[in-house]
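Visitor: Turn these sequences into a full structure, and let the hints guide you.
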Amino acid sequence: MSDVIPLNYDGLRIRFNDEGWINATDVAEKFNKEPTAWLRQIDALEYMSALSKKLFGKSGFLTEINEIRELDTSSASARAKVLRLVKSSGLVSTKTGPQGGTWIHPKLAIRFARWLSVDFEIWCDEQIDLIIRGQVISYTDKQIIELLTHQEATTWEKRFKAPFYSALSKLTRLPYNGHIGGCPALFGKITADWVYGVALPDVVYDSVKGKTNGREKIHQFLKPELLAAVEYQLMSVTALASGCVDYKDFEARCTAAYGVKGQLKLIYPSSAA
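The numbering of the sequence shown is my numbering, which starts it at 18 and goes up by one.
Derived from the structure by calculation, the hints contain no laboratory data.
Backbone N, C-alpha and C fix where the C-beta goes; we use that ideal spot for every residue, glycine too.
Please note: incorrect hints may appear among the correct ones.
Stated by the list, open to error - Pairwise CB distance ranges (calculated):
| id | residue 1 | residue 2 | range |
| --- | --- | --- | --- |
| 1 | Asp89 | Tyr264 | 52 to 60 angstroms |
| 2 | Lys206 | Glu84 | 55 to 63 angstroms |
| 3 | Asn49 | Ala256 | 18 to 26 angstroms |
| 4 | Ala273 | Leu100 | 41 to 49 angstroms |
| 5 | Gly28 | Trp173 | 58 to 66 angstroms |
| 6 | Phe73 | Asn194 | 31 to 39 angstroms |
Stated by the list, open to error - BS3-like, lysine-lysine: derived pairs with alpha carbons at most 25 angstroms apart:
| id | residue 1 | residue 2 |
| --- | --- | --- |
| 7 | Lys240 | Lys228 |
| 8 | Lys226 | Lys159 |
| 9 | Lys159 | Lys175 |
| 10 | Lys50 | Lys178 |
| 11 | Lys206 | Lys124 |
| 12 | Lys234 | Lys175 |
| 13 | Lys124 | Lys175 |
| 14 | Lys206 | Lys226 |
| 15 | Lys240 | Lys206 |
Guide: What follows is the structure, given as structure tokens:
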């Protein structure tokens, strides 16, 4: 997946990539809908079939569409056929991790946007045109922070769990007693350097650190997109740490694996980097 471009529509954060693909999962949620509900519609499948043939020379979808017509589109068999057709069209991509969700090709995105809202369709068309022509609106540090973080801390939830600390305890040979008496300072450094420091853009991380007051945690200020990036990075670091023989080995492997900070690969102006 290419670099992620977070744009703002009527106060809603909408993710595109630098090729104009749109995260349909994000968008549909804002309108209390699901992208699969649209993808199962016969007219959407027919449009997708024709577009795939036009763009990629793919054909043979008519038989599948006719078979789907005969089924209840909410049935398991229909869903399976729709999924196969959608995947083979080259117009829809499903991703996991911090950039997860259903991503839709820019040529298909306008049709999808129309299903959600005419106003959104017009806005979406304008943004895709700007992206494809390389005229994406630049964001200041302040705008990036507002897009990706909460002004006030949200309710605390346990994000860093026992497997992470157990893996760190094993490789550092430092005791971990379930936070009784606190955690070793080195665990905090590892979290800062290799979880938050990798998952979050520097400008966001610096801003959020300035908001915490000793009781609140970094993750309480992060919006869902960044929380997903942190959780993904946490799993990655836990798995890596579990296979290291000592802290020196861990540092070397992390440096090799996470040489570039910012798992989200967000696009923002150079002045904000």
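Visitor: Give a verdict on every hint.
Guide: Taking the hints in turn, this is what the structure says about them:
1. Asp89 to Tyr264: 52 to 60 angstroms: holds, 57 angstroms
2. Lys206 to Glu84: 55 to 63 angstroms: holds, 57 angstroms
3. Asn49 to Ala256: 18 to 26 angstroms: Roughly 36 angstroms apart at Cβ, these two residues miss the hinted range, so it is violated.
4. Ala273 to Leu100: 41 to 49 angstroms: violated, 37 angstroms
5. Gly28 to Trp173: 58 to 66 angstroms: About 25 angstroms separates the Cβ atoms of Gly28 and Trp173, which means 58 to 66 angstroms is violated.
6. Phe73 to Asn194: 31 to 39 angstroms: violated, 57 angstroms
7. Lys240 to Lys228: The given pair, whose Cα atoms are some 14 angstroms apart, holds under the 25 angstroms limit.
8. Lys226 to Lys159: holds, 15 angstroms
9. Lys159 to Lys175: violated, 28 angstroms
10. Lys50 to Lys178: violated, 32 angstroms
11. Lys206 to Lys124: violated, 45 angstroms
12. Lys234 to Lys175: Measuring from Cα to Cα gives roughly 10 angstroms; hence the hint holds.
13. Lys124 to Lys175: The hint is violated at about 41 angstroms.
14. Lys206 to Lys226: holds, 14 angstroms
15. Lys240 to Lys206: OK: Lys240 and Lys206 at ~23 angstroms, within 25 angstroms.
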